[in-house]
Amino acid sequence: MNAVWSSLGSYLLAFAVWPGLLLAAPLGWLELWFMRKLVARLQGRQGPPFFQPFFDFMKLLGKETVIPRGVNRGIFLALPVVSVAAVTAALAIVPLPGNPAPSLPGDVVLLLYLMEVPILCEVLAGYVSRSIYGQVAAMREALLSLAYNLPFLVAIIAMAQEAGSFQMSTLQAAPYGLVHLLAAVTFLLALPARMKLNPFSIANAEHEIVADSHIEYSGPPLALFKLSHAVELVLLTELFAVVFIPATPWPLVNLLVYLAAGVAVLGGVTLLATATARLRLTQAFRFYWVWGGLASAVTLAATLVR
Amino acid sequence: MNLIERVIAISRRRSPWICRLNAGSCNGCDIEITPLLSPRYDAEQLGVELHGTPKHADIVLISGTLTLRSREAILDIYAQVPNPKAVVALGSCPASGNVFAGSPLVLSESLDSVVPVDVWVPGCPPRPQAILDGIARAAKLLEDGATKSQLESRRGRLS
Ligand code: SF4
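Chains as they are written, first to last, in my numbering: chain V, 1 to 306; chain F, 1001 to 1159.
Calculated from the structure, these hints are not laboratory results. Source: prediction; values computed, not measured. One thing to keep in mind: the hints can contain errors.
Claimed, not checked - Simulated DEER-style distance windows between Cβ atoms: (1) R1155(F) - L146(V): 52 to 58 angstroms; (2) N1002(F) - G293(V): 31 to 37 angstroms; (3) R280(V) - P1104(F): 40 to 46 angstroms; (4) L1068(F) - V17(V): 56 to 62 angstroms.
Stated by the list, open to error - Some residues of chain F that are not near chain V, with every Cβ distance over 12 angstroms (derived): (5) R1012; (6) D1030; (7) G1047; (8) G1123; (9) R1127; (10) A1130; (11) L1151.
What the hints assert, rightly or not - Partner residues are not named here, just some residues of chain V that face chain F (Cβ under 10 angstroms, in silico): (12) S6; (13) S7; (14) Y11; (15) R36; (16) G47; (17) F57; (18) M58; (19) K63; (20) T65; (21) V66; (22) G70; (23) V71; (24) N72; (25) G74; (26) Y217; (27) G219.
Cβ atoms here follow ideal geometry from the backbone N, Cα and C, with glycine treated the same way.
Build out the structure end to end from the sequences listed, making use of the hints.
In structure tokens:
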């Protein structure tokens, strides 16, 4: 009985503190600020102050929530909460150094499932809003997720095949090889669309469809969606670091390397986002099914060769 | 005022999100908003973000002569902005109708008779730095809880 309680406690600790909400939120704001600042500097601007994402979040918390007429109140308010809870739970599974949660066999499957939940929430948020723009954004998001999930899922599944297990800690400890490189490239292909950045910012194309699928959200629910996006950034970058960057035996060094790798990845996708213009949905779809598909096929083939 | 309320008040000043409302403008004022986001004026330093939907906005920038048809739209969009909110009137048009005053389709009233205006930015069109100054002043009012809509709701709660 005691063992059950202590493992439950460590899950709660992982969810609420590290790598969960309490530390992931500031880390996510830091990453958001870094991206906005980098974009600004590349455009020859000064860019936002360091605490800008925090101010945005706190301001939204202090605002009124307007619920459009005819919208189901329960679903409307539940979606942002579910979204934040799912990304945070996903992050709690990632074996970052110092993560108190015990590793489970098959947690990769759970992780991949939880990572789909925020996308589902966005799609539903667009549809329940009854705004025509929100619905277009939701449709775009749903279609795009069919495209970028091909390379994204294949990259992780190829690593599981290589490591011979669906457990995050085994993936992390897998001996470094060719598959790592190929899978990392495949993962990076999917990343800009996953983060909704140019040239794949199709679902949040503010010049075409006013805003993303959160168009009807305001106040604290919108703040939660923004928070969910910030935590998702941490999740994606740290997942990349944990799976594809070789680990050292020293946890503290690992942590620093992982954080540095995360920032480097973000810098890369931000550079790409500043240098490109938005594609159309069909172009993005074709890109992912042709080039993403090719990369996926090569990666899977490499796992089988050995 | 406890700590969280204080942080939220500061955040209101540091993160003013704006949305534009063209109430019959000649487009001169609207064109002057665009440079705010360009490298020269870079309003993002003040935390300003331009949003397309009133649901995400804190400050509504209203430009142009009020026409008979835009009155309803102004009321509708103003009502969609979640509290607390501020209104900035751009240029001479919303104040007086400017050169269009007296035309048959123009509402010859000041914007103040439609929605409560917090900051008037003079000019035809105003310079970008004047618009930026107007936004900054409105953001400060939001921090102090001194916009007309905030004062109104406080008065409503007291009585
Ligand atoms: S104030 Fe001048 S520039 Fe602005 S909308 Fe009126 S006429 Fe045009």
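Checked hints:
1. For R1155(F) and L146(V), the hinted distance range of 52 to 58 angstroms is satisfied, since their beta carbons lie about 53 angstroms from each other.
2. For the pair N1002(F) and G293(V), the supplied restraint of 31 to 37 angstroms is violated, since their beta-carbon distance comes to about 55 angstroms.
3. In this structure the hint that R280(V) and P1104(F) lie 40 to 46 angstroms apart at CB holds, the actual value being about 44 angstroms.
4. Look at L1068(F) against V17(V): about 59 angstroms separates their beta carbons, and that is inside 56 to 62 angstroms.
5. With a minimum CB-CB distance of about 5 angstroms to chain V, R1012(F) fails to clear the 12 angstroms threshold, and the non-interface call is violated.
6. With a minimum CB-CB distance of about 15 angstroms to chain V, D1030(F) clears the 12 angstroms threshold, and the non-interface call stands.
7. Distance check for G1047(F) against chain V: the nearest CB is about 6 angstroms away, which does not clear 12 angstroms, and the non-interface claim fails.
8. Every beta carbon of chain V lies more than 12 angstroms from that of G1123(F), the smallest distance being close to 24 angstroms; the non-interface claim holds.
9. For R1127(F), the requirement that its beta carbon stay farther than 12 angstroms from each beta carbon of chain V is met, with the minimum near 19 angstroms.
10. Every CB of chain V lies more than 12 angstroms from the CB of A1130(F), the least distance being 20 angstroms, so the non-interface label holds.
11. No Cβ of chain V comes within 12 angstroms of the Cβ of L1151(F); the nearest lies about 16 angstroms off, and the non-interface call holds.
12. For S6(V), the shortest C-beta to C-beta distance to chain F is roughly 33 angstroms, which exceeds 10 angstroms, and the interface hint is violated.
13. Checking S7(V) against chain F: minimum C-beta separation of about 34 angstroms lies over 10 angstroms; hint violated.
14. Interface hint status for Y11(V): violated, as the beta-carbon distance to the closest one in chain F is roughly 28 angstroms, over 10 angstroms.
15. The closest approach between the C-beta of R36(V) and any C-beta of chain F is roughly 7 angstroms, which is under the 10 angstroms cut-off, so the hint is satisfied.
16. Given hint, G47(V) at the interface with chain F, holds; its Cβ is 6 angstroms from that chain's nearest Cβ, closer than 10 angstroms.
17. For F57(V), the interface hint holds, the least distance from its beta-carbon to any beta-carbon of chain F being 8 angstroms, beneath 10 angstroms.
18. Hint status for M58(V): holds, given a least beta-carbon distance of 4 angstroms to chain F, under 10 angstroms.
19. With 10 angstroms as the threshold, the beta carbon of K63(V) comes within range of chain F, its nearest partner Cβ sitting at about 5 angstroms, so the hint holds.
20. Nearest Cβ of chain F to the Cβ of T65(V): about 7 angstroms, under the 10 angstroms cut. The hint holds.
21. Given hint, V66(V) at the interface with chain F, holds; its Cβ is 5 angstroms from that chain's nearest Cβ, closer than 10 angstroms.
22. Violation of the interface hint for G70(V) is found here, the shortest Cβ-Cβ separation to chain F being roughly 15 angstroms, above the 10 angstroms cut-off.
23. Here the hint on V71(V) is broken, as its CB sits about 12 angstroms from the closest CB of chain F, past 10 angstroms.
24. Of the supplied interface hints, the one on N72(V) is violated, with its beta-carbon coming no nearer than about 17 angstroms to a beta-carbon of chain F, more than 10 angstroms.
25. The beta carbon of G74(V) is not positioned within 10 angstroms of any beta carbon in chain F (closest approach about 19 angstroms), and the interface hint is therefore violated.
26. Restraint check, Y217(V) versus chain F: the minimum CB separation of about 7 angstroms is within 10 angstroms; hint holds.
27. For the restraint placing G219(V) at the interface with chain F, the shortest Cβ-Cβ distance is roughly 6 angstroms, inside the 10 angstroms limit, so the hint holds.
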